[in-house]
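Novice: Now for the letters of each chain:
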Amino acid sequence: MRAFLPDYELKIPANVGEALRLLNDEPGIWRPFAGGTDLMVLLEAGKLAHKRFVSLWSLPELRGIEASDSHVTIGAMTTYSQIQRHDVLRAEFPLLGEAANLTGAIAIQNRGTIGGNIANASPAADSLPALMVYEAELELISAGGSRVVPYVGFHTGYKTTLMREDELIRAIRLPRLTAGWRQHSRKVGTRKAQAISKVCIAAMAKLDGVTINDIRLAYGSVAPTPVRAWKTEVALKGRKLDSATIQTARAELLNELKPIDDIRSTADYRSRVAANLLVEFLNRLNQL
Amino acid sequence: MPETHVGQSVFRKEGFDKVTGRARYVDDLTFPDMLHGVTVRSPIARGRLRGVQFGDGIPWHEFTIVTAQDIQDIPGANCVALILEDQPYLASDTINHPEEPILLLAHRDKYLLEKARRAVSFDIEPLPAIFTIEDSLNRKELIWGEDNSFKSFLIEKGDVDAAWAQADFIVEGEYETGAQEQLYIEPNGMIAIANPAEGVTVWGSMQCPYYVHKALIKLFGLPPEKIRVVQAVTGGGFGGKEEYPSMIAGHAALLAWKAGKPVKLIYDRAEDMVATTKRHPSKTRIRTAVGKDGKLLATEIDFVIDGGAYATLSSVVLSRGTIHAAGPYNWPNVRVRSRAVATNHPPHGAFRGFGAPQSIFAMERHLNQVAQTVGLSPEELRRRNFLKPGETTSTGQVIHEKIDLSFLLDRAFSLSDYHAKKIRFAEFNAANSTEKKGIGFATFMHGAGFTGSGEVYLSSVVGVEATPEGRVRVLTSNTEIGQGSFTIFSQIAADALGIDFDQIEIAQPDTANVPNSGPTVASRTTMIVGKLVESAALGLRQTLIASGLLGERYSADEFAEACRQHIAAHGELKSFSKYEPPPGVHWDDEKYQGEAYGTYAWAVYVAEVTVDLTTYETRVDDFIALQEVGKVINPVLAAGQIEGGVAQAIGYALYENVVWRDGRMVNNQMTNYIMPTSADVPPIRVYFEELPYAFGPSGAKGIGELPMDGPAPAILNAIEDAIGQPGIQTFLGQIPLMPETLMKVMTTGGGND
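Protein chains in written order, with this note's numbering: chain U, 1 to 288; chain D, 1 to 753.
Don't read these hints as lab results, they were simulated from the structure.
This structure is a prediction, so every number in the text was calculated from the model and none was measured.
Incorrect hints may appear among the rest.
[Said to hold, decoys possible] Here are the simulated DMTMM-like pairs of lysine to aspartate or glutamate, each with C-alpha atoms no more than 20 angstroms apart in a straight line: (1) D:K110 x U:E9; (2) D:K115 x U:E44; (3) U:K192 x D:E435; (4) U:K192 x D:E198; (5) D:K115 x U:E26; (6) D:K261 x D:D159.
[Unchecked claim] Covered stretches of chain U, going by a simulated chain D footprint (3 or more residues, C-beta under 8 angstroms): (7) 181-194; (8) 257-271.
Glycine residues also receive a C-beta, built at the ideal position from the N, C-alpha and C atoms.
Given these sequences and hints, build the entire structure.
Specialist: Quick look at the structure:
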């Protein structure tokens, strides 16, 4: 381990109220520590700049998955393993389980949480594009109260979010409106397991015969944040699903996404494969 | 008399300790009053060291600090003794590569030690550095010797220059291979106790205890008996623990010498990946003359490897790559020109295959191009040119073994259903626009043991020692590094002595207790050292029989009784055997002519792939590895060696890309350096042919490196088969073939850039 451990402090609060008070009373001093699957890697590498953390792991208020008539509410500390096992999520929100299944190894899935994944705000996070197409909402809590914000728009830039320093994500709410939508996801990470995405897609569409009634497209690893491909969606909505439409959408997407070169891949590869993934999705819609 | 053990898949001798966690690796060892050590390294590739600063907030007086200056204060020399003596233990003036060791620190608290490491900074006046083979050859900067060249070789057979005029076709190609990290499961580490009274003792993870021994003698200027090197249980090596452990042992010992306390120096994965050796990147140009009947007339091969900043083992890696470059073909005329050049990368070093995978990749890809030009199938072209008994290799070595490569090819094709699949895949590809399937193969050979006169110079010695209870202990410096050598030695010794496998013990390699039987490298452990184990064991048996204590046939009890009586009468009962070259072996080191190796293993590998046109990813769906390796001593271990090597070579071909920035590996973590997982590796179906080799134990040849040679060209040949279209030359000349590169090839037609 490359970190000097005595420099670090991890506080385990008795309840969520105590956690919120810490965040409120000493703003910026304390940061949330969820499953630790990102933070522990930084610690090991000696790259964890922040020193004082408050653990959310054992707070029951942040756990559990509940389904009401209109929503499924997922506590922020719900792990990837729990997401994969939940019946309503599997039936109505399969893209989330598919992403969870491809995140890290099983040990990581047992420890990594959906809330931690959102707050960590990696553009390569596998489950975030799914949340984008499901039009999730986030319930944020602080010592002063709570608010609900749409997940789309939550990420404001590379590793920055709308969340204040005194806030926590309590839960993720998914509207139960996926009936009649076709859903699709794919992760491209060169190897089949333990990979970090070079590009990944979550997509859903509602067809009326051969016409695209509605469509949502989200990508990871092609921008500083996970993104919705809004312009491409517009180019597809209300159009007949044929090869001309597919080619138009492909061109629009290549125009819309501006990925970069980095240690894992190239901008050219990400653009072209993102476009190929779109074509693959649209072709599958065509075949059903 | 127990049944024989050779040829049986007996259980691994050390397996139980490893799977139960009882085995003690170097990081499991601890000594009273032990300190932890750390290496402070250069942040840049090349420059002049002007000074060192120690930052605030660290209790520096509590630390042991070693610089090059400290080495001047001991009788030895600041260089890692190997072949040339150009690499310092600690840089004193010139920095030649990123991560070059400059300063060492030790402290009781390993976390504080890490904080201190970060508080050290260097004043380095930067100098321009070079990182490519071209820049080195063009001497853009002169960074080593008079011409940036560590070593060059020239092999000449026949008259290449006269052959071009007779050719119906001349085919040219250029091929490149990348660096590869060994990724043994246990990172490097050493513990040292060193002081003027006791001398120097190190325990650590290593392949070659006597290499470390030699290096420490030079560093400390002490007599050999004052240096002791003990191998701890070692978690894999693949060549990565051939030469670099000498560096770490020296560092740990320097700290221990100055501190007067034991020092443990363990690398984490990030340091191991960024600072230690990798496989040499290479560039090969081949020009081949061929007749329209598909007869290969001549080839001219220019083979260059990037050695990094110091000579280390590059000359020997180059030698093996040079000798293997022409492949198992009957070329009447050959010229191989090869060079190992200097760059400002950290030194590249030994890695399974040792130069051969690089040049074999080039030739096996090239021959597919030749076949295409001539209008023959890759199979037919090779059949018309396979080396046969009585014919000669590029070094003029006459093949005496009864090898029949056409038969091997037939068998591999039958096992893989090659011809039927060719047809089926063509149909699949015609009907499918998102996936393409292909099948390809490579044929190759690999020489076992040290090259040329290498084994004669090594003059390895193995001993066996009997106990009064009738147990026999094998004394060798060859290490168990996951390949099963202790099991193999036990099988060989048990059969030679006619006693049970469980009666054999293998001494842990410790230079105080075992003779120098050479390094654990070059596919030599079973074939060369195993043969010495066999003859030393036979010698022991002969001693007992000659003394009249034992008859020609005996029981375990009779053997034990004979040992007891002999020891009671004469003291310790040991037998040693020293390497003798097989008769009729001649090697001309000047002309690079003659018997390059005592024998070769021969192989045909067939790969089946699917290329995904959405992502440009290649999946290997099936893999047949057929090889002739002499007698197989332990079928499970032999198959394991082949499977592991093929998996490692699949990584080499398709996944493992070292990303360099200013000469430094920047993806030095396993999340970004993508080695294939079990989910990415296909069924690897392993088959053997056995033609006993007269000078190997029970007829065995070496196999350790062989499986690294063939998969990359077989896979790229299969990809070419999958995506190639008639009339369009799809050139795949580069590994690793990452999806990004394949995309470029498929969308623009050009891959090399």
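Novice: Could you run down the list of hints and mark each one as holding or not?
Specialist: A quick look at each hint next to the structure:
1. Between the alpha carbons of D:K110 and U:E9 the distance comes to roughly 19 angstroms, so the proposed pair stays at or under 20 angstroms and holds.
2. Between the alpha carbons of D:K115 and U:E44 the distance comes to roughly 13 angstroms, so the proposed pair stays at or under 20 angstroms and holds.
3. Between U:K192 and D:E435, the direct Cα distance comes to roughly 17 angstroms. Compliance with the 20 angstroms bound is thereby established for this hinted pair.
4. Proposed proximity of U:K192 and D:E198 is contradicted: the alpha carbons are some 53 angstroms apart, above 20 angstroms.
5. Proposed proximity of D:K115 and U:E26 is contradicted: the alpha carbons are some 27 angstroms apart, above 20 angstroms.
6. Between D:K261 and D:D159 the CA atoms are separated by roughly 63 angstroms; this puts the pair beyond 20 angstroms, and the hint is violated.
7. Requiring three or more residues with a Cβ within less than 8 angstroms of a Cβ of chain D, the coverage given for the stretch 181-194 of chain U holds, as 6 such residues are present.
8. Coverage of the stretch 257-271 of chain U by chain D holds. Counting CB-CB distances below 8 angstroms, 6 residues qualify, and the rule asks for three or more.
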